[in-house]
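K.L.:
Now for the letters of each chain:
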Amino acid sequence: MSGSVYGGDEVGAVCFDIGSHTVRAGFAGEDAPKANIPTHMLTGDDNTKYHIGTNALSYPREKAEVVMPLKDGMIENWEQCEAMLDYVYSKCLSVDSAEHPVMMSEVAWNRPAIRHKTCEMMFEKYNVPAFFLCKNAVLAAFASGRSTALVLDTGSVQTTAIPVHDGYVLQHGIVKSPLAGNFLAAQMREHLKEQNVEVVPTYKIASKEPVKEGEPPKWVAKKNLPAVSSSYHNYMVDCVIEDLMQHVLQVHDRPASDEDLNMIPANIFEFPNGYNAMFGAERFKIPEPLFDPIGTNLRILGGDMLAMQHVVSSSISMCDVDVRPSLWSNIILAGGTTLMSGFSERLTTECTAKTTSSMKVKVVTGGNTSDRIFSAWVGASILASLGNFQELWISKQEYEEEGKLVVDRKCP
Amino acid sequence: MTVWFQVGRRPFSGPHFEQARLPEVRSWQWKPFKNSARNDNLSLLHWKRCDDTSTDYPFAKYSVKREILKYTDEQYNGVLQQPGWTRANTDHLIDLANRFDLRFIVMQDRWDKQTHGARTVEDLKDRYYSIQYRLDKLRDSESEKPKRPLYDADHERLRKEQLEKLYSRTREEVEEEEYLIEELRKIEIRRKEREKKQQDLQRLIKAADQLTETGSSNKKKKSTANKKKEEETRSWRILDKPLNAGVSLRSAKTKQALQVGLKKSKLVEQILTQLQVGVSPMPTEDITVQFNELRNDILFLLELKIAQETLQFDIQALKHRKETLGDQAAAGTDEAENDDDMFADTDIMGLNLDEALVTAGLTSSCSRKRRAASEIEKVTALLKKQRKNSKG
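Residue numbers (the numbering used here), protein chains in the order written: chain A, 1 to 412; chain B, 1001 to 1392.
Careful, some of the hints might be misleading.
To be verified - Once the Cα atoms are required to be at most 25 Å apart in a straight line, the calculated BS3-like pairs of lysine-lysine come out as:
#1 A:Lys49 <-> A:Lys91
#2 A:Lys410 <-> B:Lys1322
#3 B:Lys1048 <-> A:Lys396
#4 B:Lys1034 <-> A:Lys396
#5 A:Lys362 <-> B:Lys1165
#6 B:Lys1160 <-> A:Lys362
#7 B:Lys1165 <-> A:Lys354
#8 B:Lys1125 <-> B:Lys1070
#9 B:Lys1061 <-> A:Lys410
#10 A:Lys222 <-> A:Lys193
#11 A:Lys410 <-> B:Lys1065
#12 B:Lys1322 <-> B:Lys1264
#13 B:Lys1319 <-> A:Lys396
#14 B:Lys1197 <-> B:Lys1322
#15 B:Lys1165 <-> A:Lys360
#16 A:Lys404 <-> B:Lys1034
#17 B:Lys1322 <-> A:Lys396
#18 B:Lys1061 <-> A:Lys396
#19 A:Lys410 <-> B:Lys1070
#20 A:Lys410 <-> B:Lys1113
#21 A:Lys360 <-> B:Lys1125
#22 A:Lys193 <-> A:Lys285
#23 B:Lys1160 <-> A:Lys354
Said to hold, decoys possible - Listing some non-contacts, in silico: residues in chain A with all C-beta distances to chain B over 10 Å:
#24 Val11
#25 Gly12
#26 Gly44
#27 Tyr59
#28 Glu79
#29 Glu124
#30 Lys125
#31 Glu194
#32 Val199
#33 Val211
#34 Glu213
#35 Glu215
#36 Ala221
Calculated from the structure, these hints are not laboratory results. For each residue, glycine too, the CB sits at the ideal point set by N, CA and C.
Generate the whole structure from the sequences, applying the supplied hints.
P.N.:
Set out below in structure tokens:
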């Protein structure tokens, strides 16, 4: 028990962070999750109901549909969720769920019914000795050593700004916007369509030959491919587009003119079928709507398309006036889309422009990229391995005495 | 070596390594524990040192729970009733306080608006602290303990309102405010400068007055009191100060530097040459005194000239401003022009000192200026005479 020195005490807890893009799972006290697998899964036949994991997903199967257990960040399909947890327990962690307490993240707007059911599932099906449910924004704040922060989570489906005060989410200050990764992917798809670039997913390609930039690709298609579902094909195309976005997209540090953008060197990207092209100004133009949705022509989304800085400022303005300065100076970025280079710099610029000079604006970015991708998981890992935290678990005994509603009392 | 201490085994054998007696590594065990901070019998496993005999969970002592107010039905019905707050509302408040350890901002966020109506943070604090105050009063009625002050909700509301206003200023408003403050500062500086200028001018006028007064009487018969007074007014240059201790030549007095800048002393020397006095006259006692007087006077005239120039510039600037303002040229400007004309022909010994004299005219009366001019004439004449005498 050397833990008293640094306040940590490892109890072998397992942490789950189930996001709409990937599921992160691992042991508390470690600095990175053991498993980071796609949340999407393939439906199977009667023997194996679901095919889970990156490898299983890249293997084309006849009529297999791509499904996922989440909707709007909340668990919707319990069967798929259980399949996912089974897979993680047996294949990734190789542990018996009854021996390890479980810490799980949830979205800040999670519904009580879903929380109850999650709690029920963990105790009834997985027989865990103890369980805890924590808001992912709180965990992201903990991961960077803060208990008060504004967490700007720009994931794949949506962007949310969640104010966290003293380790509690301020529910009234949550602001959402659909401008996030999927929106950028849609913009990118539009752009490729305009350029007449056909995106061929990896599973179709048997072999390819190198070609010069911009020339038509030379590739041989795989023979005897099973008749895959359209959802599978779309998912695989999305994977390529995601890869492309990660490579080329960049945020300019201020709203820039076309001349400025044309001055910046272009990036080359090679598609799976060998076609390669340069991406110049559009590298910056595609993510620009994140900060300036009005100035660009949008065709896809409806509703309140708030730019990042507006999401931040409107969220903060809904909080008590006394906590606003500490929120402005602790803006934490979470989610994969914020990894785009230039994102944090641009956000700082835009937020500074929105506040008076007396207000200190600081955008906190984790030390390295893996910290930011896994921020909620890392927070869970830290929290579950703290000595002080051990009294907060919902124990099996408490669950049996009070029923599933105990989660409302114990997990704020 | 230190690495192997941690691993706890001896990797090498042989005499050299045998010598180092490695201590045994303390062993650890994966053991179940119970946390006394918990109300249930949850037993989790953690690593514990085998020689650690403590029974309690080491972190249990950090579990500190804040004491939240409790009240009985009797107390509530007796003293705690308050308009606008039902018993259910109050119970909800205490429940939230228990759940969130008096974090009022979080409590307000989780406040059940539907059942209990919307409340602000100040409302919650006000109610909570007033309950606390009343319970304290009830308990302390026997003993005369000082009461805690009440929470001033109105003041808090006002403070937050002001803070809100402060934060909701636009960037332009802040910039304007900063600009205005800067302007105010500039105006202050200008005012101070003007006052200083005026004071300098006053001093010059005073000095000029004295020069004319003393000039008419015999200088050598000046009383000591008079001399002292003069020194006060002419404090900006002193020539009569004693030389260094010890024996010195009298001519050293004529060589004594003026207490002004190099530029001005050069100018004085130049004028002295123009007056055909020269920079090093024969140092008889009379001449030394007169020479220094002359130097003082030249310097004084130069000061007057400078003051006059600045004034002229000011007049020009004011005139210009007046014109741009579209006003009619008033009598004031005309007067200034007249003054200029009146003394345009004043010329002393070929020196272009008229401008300096005009200043005296502007600042005091015309006659005084003329007297000052004649004084200069007198002094220079005297000097010339004396030089001739000494040559002879």
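K.L.:
For each hint, tell me whether it holds in the structure or not.
P.N.:
Evaluated hints:
The suggested pairing of Lys49 of chain A with Lys91 of chain A holds, with an alpha-carbon distance near 16 Å, which does not exceed 25 Å. At most 25 Å may separate the alpha-carbon atoms for a hinted pair to count; Lys410 of chain A and Lys1322 of chain B exceed this at roughly 79 Å. Between Lys1048 of chain B and Lys396 of chain A, the direct Cα distance comes to roughly 23 Å. Compliance with the 25 Å bound is thereby established for this hinted pair. The hinted pair formed by Lys1034 of chain B and Lys396 of chain A meets the criterion: a straight-line CA distance of about 14 Å does not exceed 25 Å.
For the hint linking Lys362 of chain A to Lys1165 of chain B, the alpha-carbon distance of about 22 Å falls within 25 Å, and the restraint holds. Between Lys1160 of chain B and Lys362 of chain A the CA atoms are separated by roughly 23 Å; this keeps the pair inside 25 Å, and the hint holds. With a CA separation close to 15 Å, the supplied pair Lys1165 of chain B and Lys354 of chain A stays within the 25 Å bound. Taking the CA atoms of Lys1125 of chain B and Lys1070 of chain B, the gap is near 16 Å; set against the 25 Å cutoff, the hint holds.
Pair hint Lys1061 of chain B plus Lys410 of chain A holds up; C-alpha atoms about 20 Å apart against a cutoff of 25 Å. The straight-line distance between the Cα atoms of Lys222 of chain A and Lys193 of chain A is roughly 24 Å, inside the 25 Å bound, and the hint therefore holds. For the hint pairing Lys410 of chain A with Lys1065 of chain B, the CA-to-CA distance comes to about 15 Å; that is within 25 Å, so the pair holds. With a C-alpha separation of about 34 Å, the suggested pairing of Lys1322 of chain B with Lys1264 of chain B is violated against the 25 Å cut-off.
At roughly 93 Å between alpha-carbon atoms, Lys1319 of chain B and Lys396 of chain A are farther apart than 25 Å, so this suggested pair is violated. With a C-alpha separation of about 22 Å, the suggested pairing of Lys1197 of chain B with Lys1322 of chain B holds against the 25 Å cut-off. Taking the CA atoms of Lys1165 of chain B and Lys360 of chain A, the gap is about 17 Å. The hint holds against a cut of 25 Å. For the proposed pair Lys404 of chain A and Lys1034 of chain B, the alpha carbon gap of about 23 Å is at most 25 Å, so the pair holds.
Using a Cα cut-off of 25 Å, the hinted pair Lys1322 of chain B and Lys396 of chain A is violated, with the two alpha carbons roughly 91 Å apart. With a CA separation close to 23 Å, the supplied pair Lys1061 of chain B and Lys396 of chain A stays within the 25 Å bound. As the CA atoms of Lys410 of chain A and Lys1070 of chain B are separated by approximately 21 Å, the hinted pair is consistent with the 25 Å bound. As the CA atoms of Lys410 of chain A and Lys1113 of chain B are separated by approximately 22 Å, the hinted pair is consistent with the 25 Å bound.
Annotation: proposed proximity of Lys360 of chain A to Lys1125 of chain B is violated, straight-line Cα distance about 28 Å (limit 25 Å). As the CA atoms of Lys193 of chain A and Lys285 of chain A are separated by approximately 16 Å, the hinted pair is consistent with the 25 Å bound. For the hint linking Lys1160 of chain B to Lys354 of chain A, the alpha-carbon distance of about 20 Å falls within 25 Å, and the restraint holds. Remark: the non-interface label on Val11 of chain A conflicts with the geometry, its nearest Cβ contact in chain B lying 5 Å away (cut-off 10 Å).
A beta-carbon of chain B comes within 10 Å of the beta-carbon of Gly12 of chain A; the shortest separation is about 6 Å. Residue-level check passed: Gly44 of chain A sits 36 Å from the nearest beta carbon of chain B, beyond 10 Å. No beta-carbon of chain B comes within 10 Å of the beta-carbon of Tyr59 of chain A; the shortest separation is about 39 Å. Distance check on Glu79 of chain A: its Cβ is at least 30 Å (rounded) from any Cβ of chain B, clearing the 10 Å threshold; non-interface status holds.
For Glu124 of chain A, the non-interface assignment is confirmed: its Cβ lies about 18 Å from the closest Cβ of chain B, beyond the 10 Å cut-off. For Lys125 of chain A, the non-interface assignment is confirmed: its Cβ lies about 20 Å from the closest Cβ of chain B, beyond the 10 Å cut-off. Against the 10 Å criterion, Glu194 of chain A stays outside the reach of chain B, whose nearest CB is about 38 Å from its own CB. Here Val199 of chain A stays apart from chain B, with its beta-carbon at least about 44 Å from theirs, past the 10 Å limit.
For Val211 of chain A, the condition that its CB be more than 10 Å from all CB atoms of chain B holds, with the nearest at approximately 52 Å. Residue placement check: Glu213 of chain A keeps its beta carbon more than 10 Å from all beta carbons of chain B (closest about 46 Å). Non-interface call for Glu215 of chain A relative to chain B: holds, since the shortest CB-CB distance, roughly 51 Å, exceeds 10 Å. No beta-carbon of chain B is positioned within 10 Å of the beta-carbon of Ala221 of chain A; the least distance is around 54 Å.
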